[in-house]
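Protein chains: 2
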Amino acid sequence: MDKIDRRILRLLQEDSTIAVADLAKKVGLSTTPCWRRIQKLEEDGVIRKRVALLNPEKVNGRVTVFVSIRTNSHSMEWLKRFSEVIGEFPEVVEFYRMSGDIDYLLRVVVPDIAAYDAFYQKLIAKIEIRDVSSTFAMERIKYTTELPLDYMVLDKP
Amino acid sequence: MDKIDRRILRLLQEDSTIAVADLAKKVGLSTTPCWRRIQKLEEDGVIRKRVALLNPEKVNGRVTVFVSIRTNSHSMEWLKRFSEVIGEFPEVVEFYRMSGDIDYLLRVVVPDIAAYDAFYQKLIAKIEIRDVSSTFAMERIKYTTELPLDYMVLDKP
DNA sequence: GTCGCATAAAGAAAAATATTCCGCAAGCAT
DNA sequence: ATGCTTGCGGAATATTTTTCTTTATGCGAC
Numbered sequence: 001m002d003k004i005d006r007r008i009l010r011l012l013q014e015d016s017t018i019a020v021a022d023l024a025k026k027v028g029l030s031t032t033p034c035w036r037r038i039q040k041l042e043e044d045g046v047i048r049k050r051v052a053l054l055n056p057e058k059v060n061g062r063v064t065v066f067v068s069i070r071t072n073s074h075s076m077e078w079l080k081r082f083s084e085v086i087g088e089f090p091e092v093v094e095f096y097r098m099s100g101d102i103d104y105l106l107r108v109v110v111p112d113i114a115a116y117d118a119f120y121q122k123l124i125a126k127i128e129i130r131d132v133s134s135t136f137a138m139e140r141i142k143y144t145t146e147l148p149l150d151y152m153v154l155d156k157p
Numbered sequence: 001m002d003k004i005d006r007r008i009l010r011l012l013q014e015d016s017t018i019a020v021a022d023l024a025k026k027v028g029l030s031t032t033p034c035w036r037r038i039q040k041l042e043e044d045g046v047i048r049k050r051v052a053l054l055n056p057e058k059v060n061g062r063v064t065v066f067v068s069i070r071t072n073s074h075s076m077e078w079l080k081r082f083s084e085v086i087g088e089f090p091e092v093v094e095f096y097r098m099s100g101d102i103d104y105l106l107r108v109v110v111p112d113i114a115a116y117d118a119f120y121q122k123l124i125a126k127i128e129i130r131d132v133s134s135t136f137a138m139e140r141i142k143y144t145t146e147l148p149l150d151y152m153v154l155d156k157p
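Going down the list, the protein sequences come from chains A and B.
Mapping to the numbering used here: the first sequence position 59 is 59, numbers consecutive.
Mapping to the numbering used here: the second sequence position 107 is 107, numbers consecutive.
Among the hints, erroneous ones may be present.
What the hints assert, rightly or not - Distance condition first, Cα-Cα at most 25 Å in a straight line; then the derived DMTMM-like pairs of lysine to aspartate or glutamate: (1) B:Lys-58 to A:Asp-15; (2) B:Lys-49 to B:Asp-15; (3) B:Lys-49 to A:Asp-117; (4) B:Lys-40 to B:Asp-150; (5) A:Lys-58 to B:Asp-155; (6) A:Lys-142 to B:Asp-101; (7) B:Lys-142 to A:Asp-117; (8) B:Lys-49 to A:Glu-146.
Unchecked claim - Ranges between beta-carbon positions, derived for each pair: (9) B:Asp-44 to A:Gly-28: 16 to 22 Å; (10) B:Leu-11 to A:Ser-83: 23 to 29 Å; (11) A:Thr-17 to B:Asp-150: 41 to 47 Å; (12) A:Gly-28 to B:Met-138: 38 to 44 Å.
In short, the hints are calculated from the structure, not lab data.
Positions of the beta carbon are idealized from the N, C-alpha and C atoms, including for glycine.
Construct all of the structure, not just a fragment, from the sequences and the given hints.
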């Protein structure tokens, strides 16, 4: 892993449609070695997948809600069940187990507040939760899938 | 926008490397009309971009922190300045203006707690903030860039 | 009904791109 | 120096995308 790999990752994080030949030019390689590096990055699991990102507005996903959850049962069993339930909801796009006084945090995408309420009702019908607190995002100021690469560990500079 | 478009979007959200011919087969079209639909979805801005998603572990981004921010100055000026500052930090991958008693919410990705502290110091050096509260994610249970398409409005079913 | 028009599909051809194959050069241990 | 490993590059090949042209279908005006 060196500077060139990092440059490749940076560019692919921005736009994965770029042709290997163009990418190669930008990082100062010819297409073959560049192509091989990309393959390796995929094999090694550094590149997890390539996806299309949609415009939330255009697919009726205007509202983002952060849902803070506290639970009574801190057992593995409960978490397993909870994870499965959450997995079934495409509205939940992020799901973290947290430190601090909130046990779990969800990010939920829905068209409007009514749809959020419907989601909420469905959720609490499926599994018991001690405490749920919802906070609505008014504006999405920044959202990126690009991870910071400055911290990456390089073998060869 | 019809069921076929939705199927195309669903598949491209999962994996954008799929060949148009294969995609076409899956949605029951031949390559040309399928290709044209994809073009249109891109023109219309439904498909925003195509990117490579990296494995956070492999690029030294093991720690996710949610940062709740409250401010004194609720002016446009301050927000503009704040947005610019945040924009400079690649560690901040999400940034929302919120309802409720928290004004802004950040999601920050860093290698470890020390790096988070360094980020925090840099941030508060650049702009004055009334109150900052950091909560660490212990585990990322679900993370997807796939938006729910069930809510999408279809002209033709 | 049928004519003309608009929309969407399909097949084949052309262009662009990805992938493979082979040889060359540099670094390094023996 | 010799042999080995690693990484690069150019050319050939295979795939895929993109364009071009044709055909089918639905629909309103007459």
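Tested hints:
1. B:Lys-58 to A:Asp-15: Cα-Cα ~20 Å, so holds.
2. B:Lys-49 to B:Asp-15: Given that 25 Å is the threshold and the Cα spacing comes to 13 Å, the pair holds.
3. B:Lys-49 to A:Asp-117: violated (30 Å)
4. B:Lys-40 to B:Asp-150: holds (20 Å)
5. A:Lys-58 to B:Asp-155: Holds: Lys-58 (chain A) and Asp-155 (chain B) sit about 13 Å apart, inside 25 Å.
6. A:Lys-142 to B:Asp-101: holds (20 Å)
7. B:Lys-142 to A:Asp-117: Holds: Lys-142 (chain B) and Asp-117 (chain A) sit about 21 Å apart, inside 25 Å.
8. B:Lys-49 to A:Glu-146: holds (12 Å)
9. B:Asp-44 to A:Gly-28: 16 to 22 Å: violated (36 Å)
10. B:Leu-11 to A:Ser-83: 23 to 29 Å: 25 Å Cβ-Cβ, so the 23 to 29 Å window holds.
11. A:Thr-17 to B:Asp-150: 41 to 47 Å: Check failed, 27 Å falls outside 41 to 47 Å.
12. A:Gly-28 to B:Met-138: 38 to 44 Å: holds (41 Å)
This entry does not satisfy hints 3, 9 and 11, going by the numbered hints stated previously.
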